[in-house]
Every structure is written in structure tokens, then in C-alpha cells.
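> Residues per chain, in single letters:
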Amino acid sequence: MFCAELKSDTLKGIVNIISTLIDEVKFTITPEGMTLKAVDAAHVAMIEMDVGKGAFESFTATDSEIGLDLDKVKGVLKLASSGDVIRMEQDESHGRLVFKVGNITRRMNLVDTSSMSDPKVPQLSLTANISVSVDELQKGIRAADTISDHITLKAGADYFELSCEGDTDSVSLRLGKDVLPALDTDSEVCSMFPLDYFSNIVKAVPSGTMVNIELDNDYPVKLLFGLADGNAKVNYLLAPRIESE
Amino acid sequence: MFCAELKSDTLKGIVNIISTLIDEVKFTITPEGMTLKAVDAAHVAMIEMDVGKGAFESFTATDSEIGLDLDKVKGVLKLASSGDVIRMEQDESHGRLVFKVGNITRRMNLVDTSSMSDPKVPQLSLTANISVSVDELQKGIRAADTISDHITLKAGADYFELSCEGDTDSVSLRLGKDVLPALDTDSEVCSMFPLDYFSNIVKAVPSGTMVNIELDNDYPVKLLFGLADGNAKVNYLLAPRIESE
Amino acid sequence: MFCAELKSDTLKGIVNIISTLIDEVKFTITPEGMTLKAVDAAHVAMIEMDVGKGAFESFTATDSEIGLDLDKVKGVLKLASSGDVIRMEQDESHGRLVFKVGNITRRMNLVDTSSMSDPKVPQLSLTANISVSVDELQKGIRAADTISDHITLKAGADYFELSCEGDTDSVSLRLGKDVLPALDTDSEVCSMFPLDYFSNIVKAVPSGTMVNIELDNDYPVKLLFGLADGNAKVNYLLAPRIESE
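Residue numbers (the numbering used here), protein chains in the order written: chain L, 1 to 245; chain Y, 1 to 245; chain W, 1 to 245.
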């Protein structure tokens, strides 16, 4: 059993993040909220999301799993205005989820989750810890566009830098301690990542969100941030592109 | 002879409605205004429009016919700002209509109307009568998108419903008497229509317009509404799609 | 040596004008500013631009030449907001120009200018002299769209007219002395021009700019206007399309 109401903006925020990686998703439902673990088809990035009860206007559920086609959920979101409340109710007899937005009722077939297994999220302990507004990251991504397919993240004692090195041209965005709420590293660390993945996730995070970045040398980067006033927590892990490959 | 001035918004409203069905149109001009009857190439929908003198800022005409290419008229509308007055004057010696918008003069060849006959508009007496804001219809159309190629309209004693049934998913917009200025039917009636036609006409009606819908079982639907503060009257008729076909 | 700072809007205005003709450009730098002479590949139009020191927030340079790829400069402009100051500094050892926008550093390879020769700008003495707001010209261009590939400019004692003559349709924008700050001609003059070239340059001139037009019979037209509060001067020359060809 699953019946919940949430603001359309909250649902939109959740869907935008997940759909950077996958189109069909399995949510694990408990009486305390929804969780999700997903990896993209190429196994380059991984997402772990925990949407607590508090992110919802109302939430009543027993343990269950729900498989959703995110493109269809995006269609439902287009029917709602900002601030509208969306109601979701499981219709177990028909294997459907019923969405209600105002006087619109949208019945959606659930996706079969039997073949969708949860990926194992590696436990990483990374050297550098940076707190940065996603707006700065979005600025860095705009600058990187057309220079290269990769972006390098680098952190030192007093800076965090995003840079791109092309054959003839280069660009870098260097952020000092004055614009970084937190910056903590024992040594200078640096890893390179596929620009498209990094760009997609950074663009999907709502403007104004603070992102915690954990970084090391030629290691995955971890992006941690909250949605829905912190009631939803996201852990995004992106594999590095090792230069010597 | 035909010489008239009207607000660009009025002309735009008229052109938007007609161009959902046809590209070239014959207007019948009398000293009292312009009328039009048109059917689309596939004979699925029909439009009857009566633009009275009152819709114009000035209007002087003798009985005549004018054939227009609506794409060209749309080009003229792009030259006018909202609130601008557009002047149209027939140049009979050259078979042209001369548009004036501010200090722009646009001379347009008339379309030959000799082969354009008026369709016969069937007189229908339909069971249900519903008054509804076009904004509600537009909401229903947005919801129907991607579910199916058809939309079902249904009216009962206390509701009017737009719905779409796909293979696995469905959507419906149910409007109660609280949002319907008028709802009058002896029995529950229901017909299905091609979504593209219904969608095109509903999108072309200006936001805020009240539409009168006449509906029956497996019969055409009639949409009646006004433009230009009620000085132009539109009667739109759409053939049903009978399921057993 | 070249090091300068200027408002992003100023750089944008300059780039928009030049890129109507060419993609790669050679600027001649002196201690007093930058100049440019360029002709398009088809030798139909020519541009002469003089950007004085006063157009910059700061400007320090010795005599030199700088070759730039305008598409890349447009990329830099996308990183700046209106009002932002962009810093450009020549890195002579690497043959690069370094742009700084806020905390972004963009290093750009310079284009080789050795094969780029300055075109000779013909000295013309043209009969008619018209001062007109570019907004009026932009209105005329919107009207000309879809009628013909050519636009005719005509000036008489008390009017300036832009017109287009198609096979069946025509359009004209006639401006009287009331909307023309200056209009001076000994006789009626008229020349026809390729609409695409005329349209591109007119659209690139910022709204509100006053353009001085010099016109004659079947002769090139000269468009003179200022950018950056008059600190940059542009002379644009467009070859006529002679009807008898």
C-alpha cells in the first residue's frame, strides 16, 4: 500500500536528478519514506537517494516497491503548476499508480521491477571536502562547453578549481575561500571526469542548492546535496577518467 | 468595394481559428460584416464564422467575396503590435487587398474564389449543453497528450469529463458543476473525437473565452464561442470517431 | 603588447556587427584603440570599424595585430552577464589571448593573420543622406520577409522608403520627415540590395541606434553608425544588385 501527496516542485526536483542517469526507476517504499539506488547503463555514475516522509505533504505506506517510467512522470509534472500538490495512490489490483493533480486523474501502468537489482554503493573515504553553491558549478560548466569532453576538478589548501584543457584552448574557474563555505584538504587533489555526466547532474540541481563535494586523486567524485528543504538526500558518485587509459 | 479597419488582436483571433482547418479562405462580405463557412480537406471538421460590423473599428462594404491566403495574413499580423489598428482596402482593379499597418503598406494578391463553394452546415439538435472556460479544455488537452490519438467527451447530470484511454495508461479531467457555468443534459452522453482536431481548435481559442459545447452519443460535437467581445461568433463542428469502425 | 578591459555589452555589440560578414577577424591594435577592415567571402559587403580607447574601461597597447575566431569570442560572451567587465590580455609567448570574466580564465589560441590582408575601402560620394533609427529599418525588414530576396531603398525630397516587390505581392515602409532626424537629397535616388545582407546588418545594430544612410542610383549604400556611446564607429558598405544584370 502506498498513498502520498507532495508538492509538484518536490517531485520535479527528484525526477530531474534521477533522469540524468536512467529512464525507469525502482523506488523502495517503507513507512518512513522512499529510497532509490541506481546506476546508469554504462556504469559511470551512481545515485543514492533517500526521500524522507518529511518531503511529503502526507505519506502512508507499507513496505513495497514501485517501478516508474520517468518520462511519464514528467508528463504528469507538466499538468501541475508550481505549488500544486500531486497525489499518488497505488492501485494494487491493476498494477497502476494513480496520480491526481487538481481535477485531473492520470492512471499509469507500473514498470516491472523484478529484474531491477540495487547496485552496491562503494564506501569511499576521500581526501578533500568542498562546500560550494551549485550556481558556481553551473558557471564552470557553461565555460567548459566546446573546449573539451572532460572536466578536471582540483582542490588545494585555499582554492577549488574546475578546468578544461583543449588542444589549443583552455578555460578554468577558480574559486577562493571567499566563495566556498567549506574547504578542507590535507593535500592538493585532482581528478578528471566526463563533462557530459558532470554537466547533466550539475544542471539538474536546483539553483541555490549547496553541494558538498568529496574529491581525491584519480578517484570518483562524490556530490552530496539535499532537495525539498533537506528532507530528501542525494549521494551522486561519478567515476573518474584516468588519463593513462 | 471593401474597406475596413480592425485591431490586430481581433484579426489574429479570427485567423488563428480558421487556420486550424484551412490555408485559403473565402470571406463573404456584406454591408453588415463578413461571414465564412469552411470545411477541412478531410471533411472531419467544419467552421461557420460571423464577424459583425461591431468587431471592426470602421467598416464600409458592398456585397462581395474575398479570397485570402491565411499564411500571408499571418505575415501581416507579425508587423503589428498588440493594440495596433490594421486597415484593409480592396484594390479591385488589381485584384488585391491592401493592408496598412502604421507606415507599412502590404499589397496582397487575392485568391481566386470561383472554385470555393460553401459547405452545407448540418442542423443538429444535441442532448447535452455545457458551458466551460476554454482554459479547462486546454488543461484537459495537455493531460491527453501522449496517451492516445482520441479524446472522449462525456457529460452527465453533474459533471463534464474529458478522457483518454491508452493501451496501458489513461487520463481524465472531470469538471463538476462548481466550475461549469452551465450544464444541462437529459441523460449521460458520450462521444469520441480525433485529439489533433480537438486540440488545434481548443488551443486557438483565446484564454478566458467561455465555450458552449453541445454533445450527444456518437454524434458530432458543436463548439460555440465568441471573439472580439462577442462581435464575432464561431460555430465549430467536429465529427466523432465511432469505435465500431 | 595588448591588455584591455571592456564591458561585455560593448564587446558583444562589436562582435555581432563583424560576424554578419566573417568568422575570423584581424584587429589592428595601436595605443589609441583597435581598427578593423573586412570584406565578406563573396565581396558583396565591407565593414570598417574604429574602436577608440574610450570604448574600453582600460586600454594599454603597443602596435600589433590580433587574429580572433569570433565564434569562440561569442562563447566567452555567454559567460558574462550584462554589465560584467571582460579583461583581455595578450600572452605573446604562447600566441594566445587570455580572457578573464569574474573568476573564469579563458585562454584562446590566436588566428594567424599573415594571410589576412586589409581590403581597400572605396571612397564614395553619394547623393542622398538620411538619418533614421535602426528600429524603423528593422520594421521594414520584418515586412520584407517572404516577399522577395531583394529590398529597394529609395529617397526623395520628403521621404525615405524601403520596399520589396514580389511576383504577385509587394510591401513598402514609407518614412516621412516627421520620423527622420535628417533627410537631404538633390534628387530622387533608388538602389536595390540583397535582402539577406541588409537584414543581417540591420538586425545586428542595437535597438535605439541612429543610422546614417548614404544612397544613390544603382550604387552601394553606406551605413554609418556608432557603438559604445559613439566610442566605436562603424562604416558598412553594401553593393547594389543592378536590375539589368
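There may be inaccurate statements among the hints.
You can't tell identical chains apart in this list, so a pair holds if it fits in one copy or across any two.
[To be verified] Derived DSBU-like pairs (lysine-lysine); straight-line CA-CA distance at most 35 Å:
no.: 1; residue 1: K37; residue 2: K53
no.: 2; residue 1: K203; residue 2: K139
no.: 3; residue 1: K74; residue 2: K177
no.: 4; residue 1: K154; residue 2: K78
no.: 5; residue 1: K100; residue 2: K139
no.: 6; residue 1: K53; residue 2: K7
no.: 7; residue 1: K203; residue 2: K7
Simulated from the structure, these hints should not be mistaken for lab results. This structure is a prediction, so every number in the text was calculated from the model and none was measured.
> Give a verdict on every hint.
Here's how the hints hold up against the structure:
Taking the shortest Cα distances, K37 and K53 sit within 35 Å of each other inside one copy (18 Å), while across copies they are farther apart (58 Å). Proximity of K203 to K139 under the C-alpha cut-off of 35 Å is found in both arrangements, the shortest distances being 10 Å within a copy and 29 Å between copies. For the homomeric pair K74 and K177, the shortest alpha-carbon distance between copies (30 Å) is at most 35 Å, but the shortest distance inside one copy (38 Å) is not. In the homo-oligomer, the alpha carbons of K154 and K78 lie at most 35 Å apart only across protomers (24 Å), although the nearest pairing inside one protomer, at 38 Å, exceeds that limit.
Taking the shortest alpha-carbon separations for K100 and K139, only the inter-copy value of 13 Å comes in at or below 35 Å, while the best intra-copy value is 37 Å. Taking identical chains as interchangeable, the C-alpha atoms of K53 and K7 lie at most 35 Å apart only when both belong to the same chain, with a minimum of 13 Å there against 49 Å between chains. For the identical chains of this complex, K203 and K7 are neighbours both inside a copy (21 Å) and across copies (27 Å), given an alpha-carbon limit of 35 Å.
Taken one by one, the earlier hints all hold for this structure without exception.
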